[in-house]
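The listed protein sequences derive, respectively, from chains A and B.
31 is the number that the working numbering gives to position 31 of the first sequence; each next residue is one higher, with no gaps.
Here the working numbering = 1-based position in the second sequence + 119.
Since the hints were made in silico from the structure, they are not lab data.
It is possible that part of the hints are untrue.
[Unchecked claim] Here are the simulated lysine to any residue pairs, SDA-like style, with alpha carbons at most 25 Å apart: (1) B:K198 to A:I11; (2) B:K144 to A:R36; (3) A:K106 to B:L185; (4) A:K49 to B:L206; (5) B:K198 to A:F68; (6) A:K106 to B:L124; (7) A:K106 to B:V191; (8) A:K49 to B:V204; (9) A:K49 to B:L185; (10) A:K49 to B:I162; (11) A:K49 to B:M120; (12) B:K173 to A:L80; (13) B:K173 to A:R99; (14) B:K144 to A:R95; (15) B:K173 to A:R36; (16) B:K144 to A:R99; (17) A:K106 to B:L123; (18) B:K198 to A:M10; (19) A:K49 to B:F135; (20) A:K106 to B:F135; (21) B:K144 to A:G33; (22) A:K106 to B:I162; (23) A:K49 to B:G203; (24) A:K106 to B:K173.
Quick caveat, the model's predicted, so the values are computed rather than measured.
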Amino acid sequence: MSGISVFINMIMNILSDIVLLIGLIFVFLGMLGLIRLPDVYNRLHTTAKIGTLGAFGVMLSILMRAGFAPIGIKAIAVGLFLLLTAPIAAHMITRAAHRHGVGLCKESIIDEYGEARER
Amino acid sequence: MISLLDFSLIFMVLAFIPCMYRIIKGPTVPDRVVAVDAMTTVIIVMLGAYSYDKGSVFFMDVALVLAVISFVGTVTISKYLDEGVVL
């Protein structure tokens, strides 16, 4: 009984380390894109990944470490809330930027929303 | 031996620097809004990791409230930029 419990604990620790590392990689890629990419829409494309995959990965890792204690339940609640609201906020700020008149970068080849608005 | 959670705290502090760069330099208003949104998410993740590190539940409540305020703020600013009015 005790041996199985220790084994499950070890497996959960390794899994939570893997999920935490995935979340940190997505946060790193988001920050890299925030510096390097050319215009608002490309930057938003990467920073939305911080809100969904990065934050949800770290919160899931905390749930795996803490189990169903209050810290774990609240962590997964924060993660699910971010997973639901980050894409909505990203879509709203993108639409507002396009209607506000922020142009696309000069390498972009298609602008379907602008063409649909002109018609 | 530094654990992966402590490393993630250090990493989140370092992740402030690109957000600050984009807030200061960003050419348009939506750039700055995007950077503030990303920085708030980083703060939320940092509060979660710190809460588990210290074994205290209260920082996770702060993270939940900060997530709600960040979402409402972003939606309000985008509505203001889009239509010129709030509500």
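Do the hints match the structure? See the list:
Restraint check: the Cα-Cα separation between K198 (chain B) and I11 (chain A) comes to about 46 Å, which exceeds 25 Å; the hinted pair is violated. This hinted pair checks out: K144 (chain B) and R36 (chain A) have alpha carbons roughly 13 Å apart, not beyond 25 Å. With a C-alpha separation of about 36 Å, the suggested pairing of K106 (chain A) with L185 (chain B) is violated against the 25 Å cut-off. Restraint check for K49 (chain A) and L206 (chain B): the C-alpha separation of about 28 Å exceeds 25 Å, so the hint is violated.
For the given pair, K198 (chain B) sits about 39 Å from F68 (chain A) by alpha-carbon distance, which is inconsistent with the 25 Å threshold. For the given pair, K106 (chain A) sits about 41 Å from L124 (chain B) by alpha-carbon distance, which is inconsistent with the 25 Å threshold. For the suggested pair K106 (chain A) and V191 (chain B), the alpha carbons sit about 32 Å apart, so the restraint of at most 25 Å is broken. Straight-line distance between C-alpha atoms of K49 (chain A) and V204 (chain B) comes to about 29 Å, which puts the hinted pair past the 25 Å bound.
Between K49 (chain A) and L185 (chain B), the direct Cα distance comes to roughly 18 Å. Compliance with the 25 Å bound is thereby established for this hinted pair. At roughly 15 Å between alpha-carbon atoms, K49 (chain A) and I162 (chain B) fall within 25 Å of each other, so this suggested pair holds. With a CA separation close to 30 Å, the supplied pair K49 (chain A) and M120 (chain B) exceeds the 25 Å bound. Note on K173 (chain B) and L80 (chain A): the hinted pairing holds, with a Cα-Cα distance of about 23 Å set against a maximum of 25 Å.
Restraint check for K173 (chain B) and R99 (chain A): the C-alpha separation of about 45 Å exceeds 25 Å, so the hint is violated. For a cut-off of 25 Å, the pair hint linking K144 (chain B) to R95 (chain A) stands: about 22 Å separates their Cα positions. A threshold of 25 Å between alpha carbons decides the hint, and for K173 (chain B) with R36 (chain A) the separation of about 35 Å lies outside it, so the pair is violated. A distance of roughly 22 Å separates the Cα atoms of K144 (chain B) and R99 (chain A); the hinted pair therefore holds under the 25 Å criterion.
Distance restraint check for K106 (chain A) and L123 (chain B): the Cα-Cα separation of roughly 41 Å exceeds the 25 Å cut-off, and the hinted pair is therefore not satisfied. For a cut-off of 25 Å, the pair hint linking K198 (chain B) to M10 (chain A) is broken: about 48 Å separates their Cα positions. Distance check on the hinted pair: K49 (chain A) and F135 (chain B) sit about 16 Å apart at the alpha-carbon level, within 25 Å; holds. The straight-line distance between the Cα atoms of K106 (chain A) and F135 (chain B) is roughly 29 Å, outside the 25 Å bound, and the hint therefore fails.
Distance hint between K144 (chain B) and G33 (chain A) is fulfilled; the C-alpha atoms sit about 15 Å from each other, no more than 25 Å. Taking the CA atoms of K106 (chain A) and I162 (chain B), the gap is near 33 Å; set against the 25 Å cutoff, the hint is violated. Proximity of K49 (chain A) to G203 (chain B) is assessed by CA-CA distance (about 29 Å); at most 25 Å being required, the pair is judged violated. Distance restraint check for K106 (chain A) and K173 (chain B): the Cα-Cα separation of roughly 48 Å exceeds the 25 Å cut-off, and the hinted pair is therefore not satisfied.
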